[in-house]
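Novice: With the hints as constraints, model all of the structure from the sequences given.
Line by line, the protein sequences are chains Z and W.
In terms of the working numbering, the first sequence opens at residue 1 and continues consecutively.
In terms of the working numbering, the second sequence opens at residue 1 and continues consecutively.
Heads up, none of these hints are tricks.
EDC-like, lysine to aspartate or glutamate: derived pairs with alpha carbons at most 16 Å apart:
{"no.": "1", "chain 1": "Z", "residue 1": "K87", "chain 2": "Z", "residue 2": "E231"}
{"no.": "2", "chain 1": "W", "residue 1": "K181", "chain 2": "Z", "residue 2": "D239"}
{"no.": "3", "chain 1": "W", "residue 1": "K89", "chain 2": "W", "residue 2": "D189"}
{"no.": "4", "chain 1": "Z", "residue 1": "K155", "chain 2": "W", "residue 2": "E133"}
Residues from chain W that keep clear of chain Z, each with C-beta distances beyond 12 Å, as calculated:
{"no.": "5", "residue": "S23"}
{"no.": "6", "residue": "E32"}
{"no.": "7", "residue": "K36"}
Please keep in mind that the hints were generated in silico from the structure rather than gathered at the bench.
All C-beta atoms in this analysis are idealised placements derived from N, C-alpha and C, irrespective of residue type, glycine included.
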Amino acid sequence: MLRSLIIFIGLLQIIVAICPDAQAQQRWGPLDEGDNFLIQDRKVDSQESDKTFGREDSIPDPLEPLNRCFYQFNDKLYFWVVRPFSKGYNTIAPELMRSSIQNFFSNLCMPIRAVSCLFQGKITGFGEELLRFVVNSSAGFLGFQDVAQQALNIKMRDEDLAQTLGFYGIGPGFYIHLPILGPFSGRSLFGWAGEQFLNPVDYFLDSWFAVLSVRSYDWINRASLRIGEYEALKRAALDPYVSVRNGYWQYRENKIKE
Amino acid sequence: MAPRSLFGILFFLVLIVSIPVLSGEPTEQIRETSDKIIAIVSNHDLNRTDRAEEKRQLIRQAVDERFKWDEMCRRALGRHWVKRTQEEKKEFRDLFAKLLERTYLEKVEGYSGEEVIYEGETIDGKYAVVKVEIVTQKKTDIPVHYKVVKDGNQWFIYDISVNGISLINNYRAQFNSIIVKSSYEDLIDKLRLKVSED
Numbered sequence: 001m002l003r004s005l006i007i008f009i010g011l012l013q014i015i016v017a018i019c020p021d022a023q024a025q026q027r028w029g030p031l032d033e034g035d036n037f038l039i040q041d042r043k044v045d046s047q048e049s050d051k052t053f054g055r056e057d058s059i060p061d062p063l064e065p066l067n068r069c070f071y072q073f074n075d076k077l078y079f080w081v082v083r084p085f086s087k088g089y090n091t092i093a094p095e096l097m098r099s100s101i102q103n104f105f106s107n108l109c110m111p112i113r114a115v116s117c118l119f120q121g122k123i124t125g126f127g128e129e130l131l132r133f134v135v136n137s138s139a140g141f142l143g144f145q146d147v148a149q150q151a152l153n154i155k156m157r158d159e160d161l162a163q164t165l166g167f168y169g170i171g172p173g174f175y176i177h178l179p180i181l182g183p184f185s186g187r188s189l190f191g192w193a194g195e196q197f198l199n200p201v202d203y204f205l206d207s208w209f210a211v212l213s214v215r216s217y218d219w220i221n222r223a224s225l226r227i228g229e230y231e232a233l234k235r236a237a238l239d240p241y242v243s244v245r246n247g248y249w250q251y252r253e254n255k256i257k258e
Numbered sequence: 001m002a003p004r005s006l007f008g009i010l011f012f013l014v015l016i017v018s019i020p021v022l023s024g025e026p027t028e029q030i031r032e033t034s035d036k037i038i039a040i041v042s043n044h045d046l047n048r049t050d051r052a053e054e055k056r057q058l059i060r061q062a063v064d065e066r067f068k069w070d071e072m073c074r075r076a077l078g079r080h081w082v083k084r085t086q087e088e089k090k091e092f093r094d095l096f097a098k099l100l101e102r103t104y105l106e107k108v109e110g111y112s113g114e115e116v117i118y119e120g121e122t123i124d125g126k127y128a129v130v131k132v133e134i135v136t137q138k139k140t141d142i143p144v145h146y147k148v149v150k151d152g153n154q155w156f157i158y159d160i161s162v163n164g165i166s167l168i169n170n171y172r173a174q175f176n177s178i179i180v181k182s183s184y185e186d187l188i189d190k191l192r193l194k195v196s197e198d
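Specialist: Rendered as structure tokens:
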């Protein structure tokens with residue numbers, strides 16, 4: 001099921017890559033004097049890259065109607081299930097406990113970050129990730145405490161496989177907003193699929209139900225630490241769907257540049 | 001003895017004078033505004049409910065002095081800006097400024113002793129970026145970049161990016177999507193509705 005979904009999206013990604021012009025036309029309309037004004041302006045302004053000022057302002061979104069449906073679903077899921085549940089959970093579990101649990105799961109995902117560092121030639125990052133794992137798993141009580149950052153000031157490297165693909169010049173493909181899982185680019189979906197092989201949780205547990213439970217718990221625990229962010233975004237946005245899409249895209253592009 | 005102490009005083013003076021110079025003009029001006037706002041937010045006298053409006057007014061004033069609304073509007077509308085008449089531009093400016101101010105006020109009012117660390121700046125002609133790191137009480141760092149443009153001897157903010165996400169770029173994508181899908185008039189209606197929400 002998951003495999004056929006990935007193949008389907010992969011095929012679509014290829015089709016879109018072949019006809020990018022139609023995409024730009026559809027989203028921005030034909031070129032006119034307004035564009036010249038911005039192109040001129042762009043030359044003066046070195047702070048914004050060519051990409052962010054002009055027509056290529058966002059990631060292609062050929063599945064927008066479908067994505068908007070899934071976005072609506074996630075929006076309801078958040079307000080009807082995730083938020084009330086998190087509020088209850090937050091009263092039982094103090095913040096310190098929740099962030100310790102988040103540390104524990106983050107520590108387990110070391111292979112994803114280490115491998116991504118290695119493939120991008122970030123040897124220091126690779127070494128630091130290994131060191132962090134050793135230190136946090138022992139002195140940090142199985143990773144519940146991030147002593148590597150607190151005591152040694154070695155911060156977690158926020159690297160993943162999708163960034164690695166971006167590092168090798170692979171384009172983002174198009175935007176996909178999946179139910180429950182949220183925003184992805186074609187590239188990050190492939191990265192995410194690959195990471196499933198690097199996530200140790202799957203190797204420790206033998207039944208799919210156990211894996212799903214543990215993953216869901218990790219997910220809801222993370223969400224509980226970020227209650228309020230989505231509300232703020234929605235309050236400031238005129239079109240929250242576009243705001244999420246653009247925010248996701250900018251965030252990911254920035255991560256690849258780093 | 002006297003010459004030596006004179007030298008000491010001189011050295012001390014040079015030190016005081018040179019510290020602000022090290023961080024540069026754009027950073028200094030951003031710091032000035034940001035310190036001013038933090039002082040207002042952490043002033044306990046202003047936290048009484050009957051003075052809430054006065055407090056908001058003070059913050060709004062401090063923000064107004066540092067933000068370049070025209071530049072923000074021009075960039076947020078992008079290619080649709082040139083097609084607007086003077087009246088339309090003014091109307092848009094008023095509404096968008098209100099929305100940004102409200103968003104900013106709500107962020108700032110949640111201030112609870114976060115530390116602001118100035119990480120440096122890059123200047124390129126009349127444009128500059130002031131890099132700041134906001135350290136929350138949970139010890140997570142949020143990188144914030146203030147994009148500023150020089151006018152006279154003052155630097156004004158025309159964009160803020162948080163965690164690599166530019167605010168103006170985000171609004172530009174939304175505004176463009178609305179205009180292309182329906183119309184500029186629809187955008188103004190949506191803006192007006194958003195600003196009137198409480």
